[in-house]
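What follows is the residue order along each chain.
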Amino acid sequence: MKKNNFFRGAAIGFLLSGIVLLLGTAFVDKYYYVDKKLLAIDSVINNYFVGDINQSKMQEGIYKGFVAGIGDVYTTYYTPEEYASFKEKSSGVYAGIGIQMTVDVADNTILVTEVFEGSPAEQVGILPKDKIIKAGGKTLTGDDFEIVPKIVKGAPNTQISVTIYRPSEDKIYDFDITRQNVTYPSVSYKMLESDLGYIKINQFEEVTYTQFKKALTEVENKEAKGIVLDLRNNPGGLLHITEQIADELLPKGLIVSTKDKNGTVDEAYADDKYTDMPLVVIVNENSASASEVLSGALKDHNRAKLVGETTFGKGVVQSIVPLSDGSALKLTTAKYFTPSGVCIQGIGIDPDYQVSLPVEVITKGRLEDQEDTQLQKAIEVVKKEMK
Amino acid sequence: MKYKHLIGIAAGAALCIGVTAVTIGWQGETTSSKYARSKLNQLDKFLQQGYLGDIDDEQLENSIYAGYVSGLEDPKTRYLNEEQLKEQQVLAKGQYIGTGMQFEWGINGRYIIVTDIIQGSPAESAKVQVGDKITQIDEIKVMTSNELELYKKLTYTGEEPVSYTVEDNNGQNERQVSLKSEVIDRKEIDYKLMDNSIGYISLFTIKDATSEALNESIKVLKEKGAKGFIIDIRNAYSNNIEEIYKICKLFIDEKMVFKIKNKQGGFEEYKTQKAAYDEPIVVITNSRTQGSLEAFGAAVKYSKRGLVVGEATAGTGLVSEIIPLEDHTGMMVATGIIYTPDNKSLSGEGVEPDREIKNPIDASIELLTSGEIQSQNDAQLMEAVKQLD
Chain A
180 MKKNNFFRGA
190 AIGFLLSGIV
200 LLLGTAFVDK
210 YYYVDKKLLA
220 IDSVINNYFV
230 GDINQSKMQE
240 GIYKGFVAGI
250 GDVYTTYYTP
260 EEYASFKEKS
270 SGVYAGIGIQ
280 MTVDVADNTI
290 LVTEVFEGSP
300 AEQVGILPKD
310 KIIKAGGKTL
320 TGDDFEIVPK
330 IVKGAPNTQI
340 SVTIYRPSED
350 KIYDFDITRQ
360 NVTYPSVSYK
370 MLESDLGYIK
380 INQFEEVTYT
390 QFKKALTEVE
400 NKEAKGIVLD
410 LRNNPGGLLH
420 ITEQIADELL
430 PKGLIVSTKD
440 KNGTVDEAYA
450 DDKYTDMPLV
460 VIVNENSASA
470 SEVLSGALKD
480 HNRAKLVGET
490 TFGKGVVQSI
500 VPLSDGSALK
510 LTTAKYFTPS
520 GVCIQGIGID
530 PDYQVSLPVE
540 VITKGRLEDQ
550 EDTQLQKAIE
560 VVKKEMK
Chain B
196 MKYKHLIGIA
206 AGAALCIGVT
216 AVTIGWQGET
226 TSSKYARSKL
236 NQLDKFLQQG
246 YLGDIDDEQL
256 ENSIYAGYVS
266 GLEDPKTRYL
276 NEEQLKEQQV
286 LAKGQYIGTG
296 MQFEWGINGR
306 YIIVTDIIQG
316 SPAESAKVQV
326 GDKITQIDEI
336 KVMTSNELEL
346 YKKLTYTGEE
356 PVSYTVEDNN
366 GQNERQVSLK
376 SEVIDRKEID
386 YKLMDNSIGY
396 ISLFTIKDAT
406 SEALNESIKV
416 LKEKGAKGFI
426 IDIRNAYSNN
436 IEEIYKICKL
446 FIDEKMVFKI
456 KNKQGGFEEY
466 KTQKAAYDEP
476 IVVITNSRTQ
486 GSLEAFGAAV
496 KYSKRGLVVG
506 EATAGTGLVS
516 EIIPLEDHTG
526 MMVATGIIYT
536 PDNKSLSGEG
546 VEPDREIKNP
556 IDASIELLTS
566 GEIQSQNDAQ
576 LMEAVKQLD
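As given, the protein sequences belong to chains A and B, one line each in that order.
Reminder that position 96 of the first sequence reads as 275 in the numbering used here, one-by-one numbering, no gaps.
Reminder that position 232 of the second sequence reads as 427 in the numbering used here, one-by-one numbering, no gaps.
Be careful, since some hints might not be right.
If you want the ones that stay clear, here's a sample from chain A, every Cβ over 10 Å from chain B, calculated [stated by the list, open to error]:
1) Glu-399
2) Leu-433
3) Asp-450
4) Ser-506
5) Leu-546
6) Glu-547
7) Glu-550
Calculated pairs, DSS-like style, for lysine-lysine (alpha carbon to alpha carbon, straight line, at most 25 Å) [claimed, not checked]:
8) Lys-234(B) <-> Lys-216(A)
9) Lys-454(B) <-> Lys-209(A)
10) Lys-240(B) <-> Lys-440(A)
11) Lys-450(B) <-> Lys-216(A)
12) Lys-458(B) <-> Lys-216(A)
These aren't lab readings, by the way, just hints derived from the structure by calculation.
A virtual CB, placed ideally from N, CA and C, is assigned to each residue, including glycine.
In isolation and in its complexed conformation, chain A is listed as follows (with noise of 0.2 Å):
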């Protein structure tokens, strides 16, 4: 009876452990074919791969292919190195050399699309539609444009070589260039008549909402009685920085809502205090996120008048999830609304006056203001609105 009272013990004991390992276990299994696969890779890679094999990007690289899963351009992992050069980036100040980049899909180059003033970059001499086809001694084409800000960056008062190639007089250049802190110029500002302002905004970061609130100031001061807001070519930020400077433009209301996965809604409201003087804003189509946030607040409450093409159409939000080895997860987690109700993903808002850019403008460096067509008439309609 003792006996049987231990082994029955026993058997409960093991069955009941069973249960609890089962289900504590129960993710053990669910990767157990993963497991398995990446063993039978592995053994591919080991037998025929002739590269070298770097294990620790090929971890990252299961977190990274995990994420993308997904399926979402906005959702992404950021290994600790990615995740730090996030962070410096959306402080506005890195070492670098001051240019912004993207990849001309012409031509499947790396084309210059800002030269930051004050930058060593600007100091040698680059200008925005130069393209680098060659930095730190590897010829690059538009494949390598991940990598790129890897080369081009580096602490400060080290050099770099840096070859473009400029379209505009068919030349090539070789730069020895000396990065520097940077200090990225979100805002830029000056008057384009003696009573006419012109503010452009290239990115909503953290230092963005004091750079943009002392423009605002200085075209006040020097009498401006209308502005000109130019969003093109920004690519969003920081969306508690964009409600900041709608609220500076607009009268009490709504500016944006948020709705996420739950059905939770935000909302961000103005208040009674703002600038009422004409305003008129020029967006393209690569304006985008919180851009399309400002811009549709604006045209929505009849504050402004949007001047250019139809806008990127980015109408979800991300937040960030900083994991506690340095990595971070970026995920899509909620919808935005313009005041009339409107999600714009995949849709963009269409400008109240449609003007594009000629062509052989659109390919120029330095766009002289009589050449852009869409500022010539954002200066037209903000000034009937002057009258």
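Add chain B to chain A, keeping to what the hints say.
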């Protein structure tokens, strides 16, 4: 003694934990170097909790393999899912799978322009023309913000038809075209006589008998009066190194034309004998000249048999193999690196042309607005002609 059964439970539990721990331990050991399960679980948890859209768990899992292999950072090594494996097996035969449209993004990102139509393809039967603009695919508007979804549709090789909204180059005649992907025996070569004395030969891909087709076309062109040849390998990709070797043999006399470094670090050398032709040749390359075709460009350049004109090649001079896995998926793996006779690897850095000619920006605009470049505006072709005159 009352508690004997409790001790029994404890003992049973300990045994069970022991057994399971051994099992898990063994499983864990085989994979512990590959990834941290806890991290993958964490990522999964955050995605399940926060991600706005629908999640396909199977898709997440499959994507692990693609990510793992892409960590090798090799342009010719990747994981192939079932659809991709089929596609690569078709491409390896020099065939083509798809609707038959080659395309580029239009100048403002609001249309996709058709730049080439493959002969005998569904797109040709549906009367799609070079220069036509695609403005919508199924329910998706052509906008840069929809790039990923559009790209999936454009490269889809499955069974379902895809509906394209197409208009003429001038924006007229909007119509719906329904296209289903097909396997097509692609024409690999085209030729014509230019200026009465130049044989212009364009290679699109390399199949097992392409060297013979090339040989035939040279004979025809010579009969018509060709005294020199332009071989245009721009935008062409091939993995067929044996056939490239045969092509080298047609032109290059008694030289080592390239060599291939294998996994063990050894080299296999490819040498030619007496060549069939000695007429001057010019090869046109660009940054989309890829794979074993780069070896041909390098062979012509380093043997000084002819001139290479245009832009540097892609620098993907690797030989790759397709290896099926047990579950109908597979892998493409780089198994060899192509080297020039003087020991320069063609992986990473491509072949620098003897005469570097970039097509001017106007030519790119012409391509993106009309869908093709007229030969007189094709600066690379014009330079090749000049070199033969």
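- Could you let me know if the closest chain B CB is still more than 10 Å away from the CB of Asp-450(A)? 29 Å, holds
- Could you grab the alpha-carbon distance between Lys-450(B) and Lys-216(A) and see if it respects the 25 Å cut-off? 45 Å, violated
- Non-interface label on Ser-506(A), tested against every C-beta of chain B at 10 Å: Check fails; 8 Å does not lie beyond 10 Å.
- Holds or violated: Lys-454(B) with Lys-209(A), Cα cutoff 25 Å? 46 Å, violated
- Checking the smallest CB distance to chain B, is Glu-550(A) really beyond 10 Å? Glu-550(A) clear of chain B: closest Cβ-Cβ about 16 Å, beyond 10 Å.
- Task: Quickly compare the C-alpha distance for Lys-234(B) and Lys-216(A) to 25 Å and report which way the hint goes.
- Result: Holds - the C-alpha atoms of Lys-216(A) and Lys-234(B) are around 19 Å apart, at most 25 Å.
- Beyond 10 Å from chain B, beta-carbon-wise, is Leu-546(A)? 15 Å, holds
- Since Glu-399(A) was said not to touch the interface, does its Cβ keep a gap of more than 10 Å from each Cβ of chain B? 35 Å, holds
- So is Leu-433(A) really clear of chain B, every C-beta pair being over 10 Å apart? Correct as stated: the minimum Cβ-Cβ distance to chain B is 21 Å, above 10 Å.
- Taking the shortest Cβ-to-Cβ distance between Glu-547(A) and chain B, state whether it exceeds 10 Å. 18 Å, holds
- Quickly compare the C-alpha distance for Lys-240(B) and Lys-440(A) to 25 Å and report which way the hint goes. 14 Å, holds
- Item | Restraint status (C-alpha distance of Lys-458(B) to Lys-216(A) at most 25 Å) | 23 Å, holds
This entry does not satisfy hints 4, 9 and 11, going by the numbered hints stated previously.
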